[in-house]
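Asks: The listed protein sequences derive, respectively, from chains Z and E. Residues in the first sequence are numbered consecutively from 1, following the working numbering. Residues in the second sequence are numbered consecutively from 1001, following the working numbering.
What the hints contain is simulated information worked out from the structure, not anything from laboratory work. Hints are not guaranteed to be accurate.
Stated by the list, open to error - Negatives, chain Z to chain E, calculated, CB over 12 Å:
1. Lys20
2. Glu54
3. Pro72
4. Glu220
5. Pro272
6. Glu307
7. Ser380
8. Ser381
9. Val383
10. Thr414
11. Asp427
Unchecked claim - Derived pair list, reagent style PhoX-like, types lysine-lysine, alpha-carbon separation capped at 20 Å:
12. Z:Lys395 <-> Z:Lys95
13. Z:Lys413 <-> E:Lys1004
14. Z:Lys377 <-> E:Lys1004
Quick reminder that beta carbons are idealized off the backbone N, C-alpha and C, glycines included.
The primary structure of each chain is shown beneath.
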Amino acid sequence: MWSPEYESMSRRRLEELQLKRLKATLRRVYENVDFYRRKMEKIGVTPEDIRSLEDVRYLPFTTKEDLRENYPFGLFAAKMDEVVRIHASSGTTGKMTVVGYTRNDIKTWAEIMARSISSASGGIRDRIQIAYGYGLFTGGLGVHYGAEMVGATVVPTSGGNTKRQVQVMKDFGITMLACTPSYALYMAEVAAEEGIDLRTLPLKAGIFGAEPWSESMRREIQEKLGVKAYDIYGLSEIIGPGVAIECQEQNGLHISEDHFLVEVIDPEAGKPLPYGQEGELVFTTLTKEAFPVIRYRTKDVSLLYPEACDCGRTMIRMNRILGRTDDMLIIRGVNVFPSQIESVLLANGDTEPHYLLVVDRKGNLDDLEIWVEVSEKLFSSEVRKLEGLGRRIKKEIETTLGIGVRVKLVEPKTIPRSEGKAKRVVDKREVYRV
Amino acid sequence: MKVKQISVFIENKSGRLAGVTRVLGENKINIRALSVADTTDFGILRLIVNDPVKAEEVLKKEHFTVSETEVIAVETPDQPGGLARVLNILEEKGVNIEYMYAFVGKTRENAVVVFRVEEIDRAIQLLNASGIRLLTGGEVYKF
Chain Z
1 MWSPEYESMS RRRLEELQLK RLKATLRRVY ENVDFYRRKM EKIGVTPEDI
51 RSLEDVRYLP FTTKEDLREN YPFGLFAAKM DEVVRIHASS GTTGKMTVVG
101 YTRNDIKTWA EIMARSISSA SGGIRDRIQI AYGYGLFTGG LGVHYGAEMV
151 GATVVPTSGG NTKRQVQVMK DFGITMLACT PSYALYMAEV AAEEGIDLRT
201 LPLKAGIFGA EPWSESMRRE IQEKLGVKAY DIYGLSEIIG PGVAIECQEQ
251 NGLHISEDHF LVEVIDPEAG KPLPYGQEGE LVFTTLTKEA FPVIRYRTKD
301 VSLLYPEACD CGRTMIRMNR ILGRTDDMLI IRGVNVFPSQ IESVLLANGD
351 TEPHYLLVVD RKGNLDDLEI WVEVSEKLFS SEVRKLEGLG RRIKKEIETT
401 LGIGVRVKLV EPKTIPRSEG KAKRVVDKRE VYRV
Chain E
1001 MKVKQISVFI ENKSGRLAGV TRVLGENKIN IRALSVADTT DFGILRLIVN
1051 DPVKAEEVLK KEHFTVSETE VIAVETPDQP GGLARVLNIL EEKGVNIEYM
1101 YAFVGKTREN AVVVFRVEEI DRAIQLLNAS GIRLLTGGEV YKF
């Protein structure tokens, strides 16, 4: 255990600490962020009114739309001089979701990632290959700082160039791998083509996240890579990877509750649900400085297990993610919202776009094909123009999403309508619950 | 001098072309000429019919993507060199042809060539000035 004084602290002491930190966070946002102050004033609440952890339910939620409306830095609670890092993820439309970190935030993040790596049996003797993308995406740099804090040998390969990844894994004697679960399987496939059996390498553990996966996928990864596969959870709005991590028991992910207060709510009614009931995860950060969030609605569906864990950690466990309350997709680790596609089509003169995202996993790689119904506004009798349109839409969608796609032009009414509303997504991957 | 062509978007899957012709047939619309441009994923069907307004209407009702496209139609003698003369004029003046197709009329003496060009008004002017006879819509629809 990386920080036993926190990870196995008594629930009573933990709750005292959480309350103290919650009050400090509320004061911080009340004093520094107009958005939060106005929202609290509107319902007549001041930070001093919050006297217990249960009182958090009186505070208003924060949503991704709130983040977009305050783009880019409107919700920062620290001066820009104190902000040492910016990360960003996809927004629901053209604008990205932007988050910031102070020096202390980076330290906090490294701390929870160090806990995660330790929880997945990683330590000073390990060589960790980080094949999450480095950049605005939180995956690469998030894991990186934690791995350095642990004292492991960090090999930051970032994403892509899979043959070289496999070469590095073999030649450098990599013992731990961090990447998306689908990329892990893809690496095993490429390795097999190169005549390398990953099971014969020193590789022993993997930390997989940034996209939903299932128990059957875990079995496949463990079998094909010869590793113990750990599920990690996080999102940039809260901090990035490391918000929660599985332990040796592989039975739920321990949330670093000394830094994040978790609730599960009924997404329709917005009311907190008791432990063990499935609902939407809502987080309040307790120590963040640059980008604290109050009751952030993740739209991820899970449930909480309060029972003690055999590993000795007292931090509550969450189930692996069971689904989404919205239509967000995660494709090759990248968040994709159907509304992003819509905005591209609207910009290309399609006044009432009908489109369908067909997602599949081909040879362990996610594949996104976008069907676009050719409306009269888009149609031309000239092949050159119509093909040009297809290419332009493809390019603009790729720029917007940051991943490669295929665009297929289809006839009107090809895409099924249900109750007058078009179905936007067909996901053949079966990523949840299997 | 402009002739109305009906253009229909069709996916490359079986039965689509038959679907278009069936709708036209059921509505007693006669096809005078047709051409299909195809790519790996889709095709564009271009039609000259006896009643383009009605054709557009009935195809739209059946949820086809239809557009009306303005083209020009030239009657040329059905003999060697007939078409070359027309093309030479357009080429000399730098008028780009997007696509073209031809059909032979009922009398079998003359052929009709349909052109889709970038600058339709300029093309009409040039051809008129060179003594090439352009057919009106009315003439083509019942040619």
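Asks: Please go over all the hints and tell whether each is borne out by the structure.
Replies: We went through each hint and held it up to the structure:
no. : hint                   : result
1   : Lys20                  : holds (62 Å)
2   : Glu54                  : holds (56 Å)
3   : Pro72                  : holds (39 Å)
4   : Glu220                 : holds (33 Å)
5   : Pro272                 : holds (47 Å)
6   : Glu307                 : holds (55 Å)
7   : Ser380                 : violated (7 Å)
8   : Ser381                 : violated (3 Å)
9   : Val383                 : violated (5 Å)
10  : Thr414                 : violated (7 Å)
11  : Asp427                 : holds (22 Å)
12  : Z:Lys395 <-> Z:Lys95   : holds (18 Å)
13  : Z:Lys413 <-> E:Lys1004 : violated (26 Å)
14  : Z:Lys377 <-> E:Lys1004 : holds (18 Å)
Checked against the numbered hints above, the structure breaks hints 7, 8, 9, 10 and 13 and satisfies the rest.
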